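These protein sequences, in sequence, are chains A, B, C and D.
Here the working numbering is used: the first sequence runs in plain steps of one and ends on residue 443.
Here the working numbering is used: the second sequence runs in plain steps of one and ends on residue 443.
Here the working numbering is used: the third sequence runs in plain steps of one and ends on residue 443.
Here the working numbering is used: the fourth sequence runs in plain steps of one and ends on residue 443.
In silico BS3-like cross-links for lysine-lysine, where the CA-CA straight-line distance does not exceed 27 Å: (1) K164/B <-> K58/B; (2) K299/A <-> K299/C; (3) K58/C <-> K164/C; (4) K164/D <-> K60/D; (5) K299/B <-> K299/D; (6) K58/D <-> K164/D.
Beyond 10 Å from chain B on every Cβ pair, some chain C residues (computed): (7) T223; (8) R310; (9) T312.
Computed from the model, here is a short list of chain B residues facing chain A with C-beta under 8 Å: (10) S76; (11) A78; (12) D79; (13) T81; (14) V82; (15) N120; (16) F123; (17) L124; (18) H136; (19) G142; (20) M143; (21) L144; (22) R146; (23) D148; (24) Q202; (25) P207.
Hints listed in this document are in silico derivations from the structure and should not be mistaken for laboratory results.
These numbers were taken from a predicted model, which means no experiment stands behind them.
Cβ coordinates follow ideal geometry from the N, Cα and C atoms, glycine included.
One-letter residues, chain by chain:
Number of protein chains: 4
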Amino acid sequence: MHFKEKYCEVRARSAGLAAALSDADATVQSMPDASPAKWHLAHTTWFFETFVLRDHVPGYRLYDANYGFLFNSYYEAEGERHPRARRGMLTRPDLATVLAYRAHVDEAIKAALPDLSPDVLHLIELGLHHEQQHQELLLTDILHLFAQNPLQPVYASQAPSPAVAAPPTGWIEHAGGIVPIGHCGASFAFDCETPRHDVLLQPFSLSSRLVTNSDWLAFMDDGGYRRPALWLSDGWAWVQAERIKAPLYWRLEDGRWTTFTLAGRRPVDPDAPVTHVSYYEADAYAAWARARLPREAEWEAAARDHPELPQLYNACWQWTASAYLPYPGFRPASGAVGEYNGKFMSGQFVLRGGSCATPAGHCRASYRNFFYPHQRWQFTGVRLARDAA
Amino acid sequence: MHFKEKYCEVRARSAGLAAALSDADATVQSMPDASPAKWHLAHTTWFFETFVLRDHVPGYRLYDANYGFLFNSYYEAEGERHPRARRGMLTRPDLATVLAYRAHVDEAIKAALPDLSPDVLHLIELGLHHEQQHQELLLTDILHLFAQNPLQPVYASQAPSPAVAAPPTGWIEHAGGIVPIGHCGASFAFDCETPRHDVLLQPFSLSSRLVTNSDWLAFMDDGGYRRPALWLSDGWAWVQAERIKAPLYWRLEDGRWTTFTLAGRRPVDPDAPVTHVSYYEADAYAAWARARLPREAEWEAAARDHPELPQLYNACWQWTASAYLPYPGFRPASGAVGEYNGKFMSGQFVLRGGSCATPAGHCRASYRNFFYPHQRWQFTGVRLARDAA
Amino acid sequence: MHFKEKYCEVRARSAGLAAALSDADATVQSMPDASPAKWHLAHTTWFFETFVLRDHVPGYRLYDANYGFLFNSYYEAEGERHPRARRGMLTRPDLATVLAYRAHVDEAIKAALPDLSPDVLHLIELGLHHEQQHQELLLTDILHLFAQNPLQPVYASQAPSPAVAAPPTGWIEHAGGIVPIGHCGASFAFDCETPRHDVLLQPFSLSSRLVTNSDWLAFMDDGGYRRPALWLSDGWAWVQAERIKAPLYWRLEDGRWTTFTLAGRRPVDPDAPVTHVSYYEADAYAAWARARLPREAEWEAAARDHPELPQLYNACWQWTASAYLPYPGFRPASGAVGEYNGKFMSGQFVLRGGSCATPAGHCRASYRNFFYPHQRWQFTGVRLARDAA
Amino acid sequence: MHFKEKYCEVRARSAGLAAALSDADATVQSMPDASPAKWHLAHTTWFFETFVLRDHVPGYRLYDANYGFLFNSYYEAEGERHPRARRGMLTRPDLATVLAYRAHVDEAIKAALPDLSPDVLHLIELGLHHEQQHQELLLTDILHLFAQNPLQPVYASQAPSPAVAAPPTGWIEHAGGIVPIGHCGASFAFDCETPRHDVLLQPFSLSSRLVTNSDWLAFMDDGGYRRPALWLSDGWAWVQAERIKAPLYWRLEDGRWTTFTLAGRRPVDPDAPVTHVSYYEADAYAAWARARLPREAEWEAAARDHPELPQLYNACWQWTASAYLPYPGFRPASGAVGEYNGKFMSGQFVLRGGSCATPAGHCRASYRNFFYPHQRWQFTGVRLARDAA
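Taking the hints into account, I'd like the entire structure generated from these sequences.
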């Protein structure tokens with residue numbers, strides 16, 4: 055596909071995701087971790103306007119000089135910004151204005167494309183992958199918002215869902231040894247996936263399928279949420295403080311577990327992979343199952359060597375036992391976009407794979423997603439690992 | 055005016071206040087003390103639907119059985135309800151649906167009116183005064199919401215404003231003695247204004263005008279916010295914890311103070327009464343001015359005996375030195391509406407008068423408004439009192 | 055008694071209260087509302103050293119120049135001070151040093167007494183009443199501290215206790231009318247008890263005895279803590295947030311209620327007055343009992359006119375329905391001691407009477423104690439009132 | 055040294071550390087992260103009493119059946135326990151009683167030694183290393199407690215101090231490659247140091263000396279605490295929320311920086327290694343110095359291969375860039391002591407080395423200390439690393 059078509063396709067998809075939303079749906083922020091849909095639409099546009107049009111297209115005039123303050127996410131180099139936890143206060147600009155902002159920037163980008171240098175085109179490519187990340191966040195944030203509403207609104211009756219039927223269980227063995235980890239080649243990758251480097255692995259096995267809701271119910275029935283011996287210390291404190299008894303969105307109704315989805319409240323599908331579990335829960339489950347979570351290098355090596363492994367990229371993000379830290383020799387990109395990944399490298403765990411909410415083609419074996427161990431509003435699940443016998 | 059016309063007029067005014075709002079404007083909650091405009095519109099309607107139509111009109115069917123949970127404010131007798139601090143999560147029903155709900159209930163009320171007993175008509179009258187209270191809250195809540203937005207949206211260029219020119223200063227003397235306090239007669243009053251009872255007052259004087267912004271600037275220039283000796287202990291703790299340096303919405307821009315109004319950000323008018331000050335600030339100002347705040351019985355006696363006193367009902371609410379407590383012999387109304395006032399009688403101070411945001415005709419000399427001493431997002435100001443020489 | 059003897063007696067009593075305490079007992083602070091026993095002993099001494107010796111005795115040299123910072127409670131006029139919530143960090147000076155500080159100041163005061171002016175003697179008198187207040191606080195703070203210890207230490211096997219046998223119930227009627235309220239005469243009173251002024255009261259009745267533990271158990275058995283209709287709104291929020299199910303220190307053990315006392319854990323005595331209840335609980339109980347709490351003027355008038363009324367001063371403090379506010383014409387004392395009472399006049403309720411922990415002779419009919427409505431670590435109880443039939 | 059002598063020596067050292075403390079000093083808890091000295095003394099004793107005497111010595115009777123509840127730290131398998139944040143409430147048992155408890159348990163252990171199996175002797179060895187860890191905590195917790203006191207008490211005029219003169223700077227190069235990491239051999243190590251396993255390292259250099267206070271002042275002078283570009287995102291949020299401007303205990307007095315030490319407040323020694331810095335600060339400093347923090351495997355390999363490297367074990371703990379996670383094949387010990395390390399493996403970073411407060415002989419190249427990235431009340435400092443050119 056031509057670059058311009060790619061640009062148009064990605065940008066159009068964002069607007070498409072918002073088509074089912076009212077101005078109010080797109081405005082409200084349901085918790086500090088989440089952002090309003092309108093904010094996602096505007097922030098991704100600000101990214102192109104700032105790092106491409108403002109910095110590299112002579113004569114470009116900002117659509118609105120206030121938008122830098124409103125829609126900068128966390129780029130300290132770009133100065134002060136609206137507080138993250140107050141993004142939901144912005145009833146203006148309204149959704150229509152944000153869509154007009156998008157159209158304006160898209161026109162400017164398309165007009166500028168023929169004259170841009172490869173470096174700037176690379177920034178646009180970064181912007182498109184950035185936008186794809188926000189497309190997933192937009193969906194998970196809307197899911198969280200709608201879950202707060204006792205009316206349980208439906209986003210889309212045919213909404214993204216991780217409900218892939220569970221394949222038969224099995225263990226994929228990997229011999230370990232020195233394996234190359236990280237991205238290589240000319241195709242796009244985020245800076246945190248580089249530099250490619252060798253890692254020495256012990257032999258290990260990876261489960262051929264994700265942990266299912268049925269598996270999870272067995273964990274719950276066996277007192278999983280009530281046995282401190284299964285839990286990390288921080289995890290047990292979290293379970294007690296938040297009174298956690300099941301994955302996020304689960305509710306017991308008339309003796310049956312239901313969950314809230316983008317298609318509304320639904321019975322928990324026993325064969326679907328469990329989702330919306332925290333790292334703490336994933337780790338406790340693994341302890342209960344007498345297994346462990348995979349290290350990120352194990353996951354990557356297995357994904358490269360066994361590309362036929364089911365549920366790698368299309369079901370849910372898979373918690374790894376690896377903290378999100380820089381690879382040996384890591385260098386952030388120069389300029390403001392150097393803040394993209396590197397500064398988040400403390401306190402978070404890596405997830406690998408991709409989810410039902412991830413845009414097609416966005417993921418790859420070297421992709422590193424990351425969240426705090428208590429977070430679970432993403433489509434996060436579990437693939438088990440174990441040491442070779 | 056006929057009762058039906060009164061009903062229609064009050065109800066129409068609420069919808070009119072929302073005419074300038076988008077669905078998003080009407081949905082967002084800017085702080086737990088405030089409610090979304092849409093919620094005000096729906097809650098006041100739920101009041102009529104529940105206490106009149108459901109309870110007293112045979113055959114009436116609820117518009118939506120979920121609305122009781124969503125739009126009950128604090129009536130424990132009506133059961134569980136959506137948490138107050140999460141009212142802003144309700145992007146559905148949207149504003150149009152809420153307006154349709156209003157129309158539906160209005161039609162049912164109007165149809166039922168001819169057959170209702172006097173007791174039920176009294177509930178409707180209560181509902182109309184209740185709705186007028188929410189009309190004022192709707193305006194102050196929108197003001198607070200818009201103040202969170204760096205774009206500083208304008209609600210209405212001709213918006214309610216307390217900016218009445220300051221009359222010449224003077225002191226109205228009152229001889230004290232035994233004075234009747236509280237509502238009497240057949241006209242409407244809230245239960246907390248009764249029973250009428252005698253109170254013994256010492257002689258006192260009341261300022262003939264409200265404290266102005268110009269007065270307040272003198273207080274600030276004299277270190278008013280930096281001198282603990284002027285403040286109540288709780289007030290000084292609040293000043294320090296919240297870093298209070300001026301009334302709410304004030305901002306120093308290029309050496310001049312501005313304030314945020316329903317008409318957008320404006321220069322502070324020196325002649326207008328100061329508004330958006332807390333009880334703590336009002337009390338500190340009075341100490342600085344070597345005066346005191348009036349007791350509520352003093353205010354009421356003076357308002358009755360000097361109805362020509364300026365700025366009684368149309369500028370801003372006036373903090374009194376009286377805690378909001380039951381009058382001797384107070385009995386809450388029976389039924390769920392008995393929760394209307396009585397259960398709030400701890401920790402709050404009485405304000406008297408009325409503000410630029412209060413609907414015309416809503417107030418009277420016996421009217422008791424009440425807020426916590428730190429709250430200041432209402433149009434709250436100061437009238438001074440002093441003991442007779 | 056001579057003034058010097060009175061001084062020595064009061065001062066000796068404080069030291070006596072600490073005799074059963076270890077250095078550690080006297081140092082730890084169990085919550086921000088409470089203070090360490092050592093701090094009480096030092097603060098009361100600092101009061102004499104500062105306002106008498108430093109200000110009025112030429113040539114006096116401070117015992118330790120740091121003590122002003124450490125042991126000033128809340129006198130803003132005396133400058134910066136150690137934060138209240140960190141009083142328990144002061145393991146030094148130790149208890150023996152604080153007792154030596156006391157002895158030093160006592161010697162200086164006694165030596166100075168013959169030369170002091172009446173004004174300064176009045177400050178000493180204030181200091182003695184101040185010290186008596188801290189004697190009660192010392193006991194209630196030790197009770198709270200010991201209650202945190204699973205070993206349940208005993209302060210004294212013959213400790214102060216409100217366990218006076220309940221007299222027969224009855225109602226004392228009062229005709230109301232214009233009654234003088236507040237202190238008058240030459241004897242000591244705090245500034246907040248003045249000026250004496252007339253208040254107009256409706257006829258009322260006061261219960262001849264306090265609410266007992268047996269009464270309270272009936273309230274609990276009748277769902278008192280589970281019925282929101284009985285509670286003030288703030289009170290119900292407090293019950294839910296703090297999961298309140300019984301008075302402070304109560305615990306159900308093998309089906310029987312026990313309470314923690316200065317003599318250790320004991321069975322709840324059904325005939326003793328209930329203590330350690332908050333204003334919210336007192337008010338809810340009164341609602342349940344179809345009565346109300348007395349207003350402070352009613353309590354004072356009844357106490358003056360019926361001095362034989364049982365349990366006035368020796369059992370527990372009695373919550374009134376009156377907010378702690380200045381009397382008409384109230385003027386705080388001049389100088390730093392003007393901060394003694396006036397600045398606390400917001401958000402608190404008045405209690406009348408006196409408790410088993412109050413020093414003999416400290417109380418009087420006009421005495422106004424005050425606490426926030428949620429506080430209950432003092433010996434606080436309930437006397438009911440009702441309007442005349 | 056014979057095992058019994060080793061036992062006696064370690065146990066005696068703990069009591070010796072408490073010799074300078076009053077009962078109150080030993081009782082107060084200055085923050086939830088710290089524990090009272092008395093608690094350290096009792097908890098380490100409870101460890102021997104529970105896991106050795108109770109479990110393996112027939113006929114042993116508990117010294118006090120309540121102590122399990124009071125002095126269990128975090129062993130869920132041992133049941134409910136006193137809340138960590140409330141350890142400072144335990145004014146009883148007093149210090150003398152805790153010392154008597156220690157003597158009692160010591161006698162029982164010594165009497166039992168001849169009959170104990172190797173497995174149980176291993177538990178005693180674990181208990182001694184455990185006790186040495188608490189010896190260091192006792193010192194850092196006392197330092198923190200005394201730092202809260204405006205009197206700035208001196209623990210010991212010849213107290214442990216990291217003030218080793220800075221050696222000349224240089225970089226120790228390491229060729230990387232496959233290196234064995236983790237403990238091996240018969241000598242003692244904690245479970246988290248095992249199993250020994252191979253790690254593949256890139257070539258790297260390690261600074262020959264720690265970052266000094268002089269270095270740190272240069273960082274501060276260059277705006278280190280004011281430049282968000284140097285900081286991790288969580289670190290910058292921490293700097294702003296806590297208003298961090300210097301290492302813990304530093305204070306600017308008359309233009310010179312001082313710090314609080316166990317010997318009282320002292321001028322900052324420019325040549326001494328900086329201590330009491332968080333991971334966030336260490337990481338920001340490294341970014342400013344155009345270097346990085348070492349990974350724990352790099353540190354361990356360099357320490358093994360260059361045992362002459364200065365300031366390895368005797369100055370301060372050195373933050374590494376490695377999250378505290380299980381080694382491949384890690385298995386916690388069986389029984390309650392399996393909770394010793396494994397359950398803390400989330401959210402923390404590894405520190406290597408040892409500090410001036412660490413008992414002699416306690417450390418080794420494979421030792422893994424760990425703290426949360428914001429914590430800095432330990433003697434924590436910085437050794438820089440960089441990739442090979």
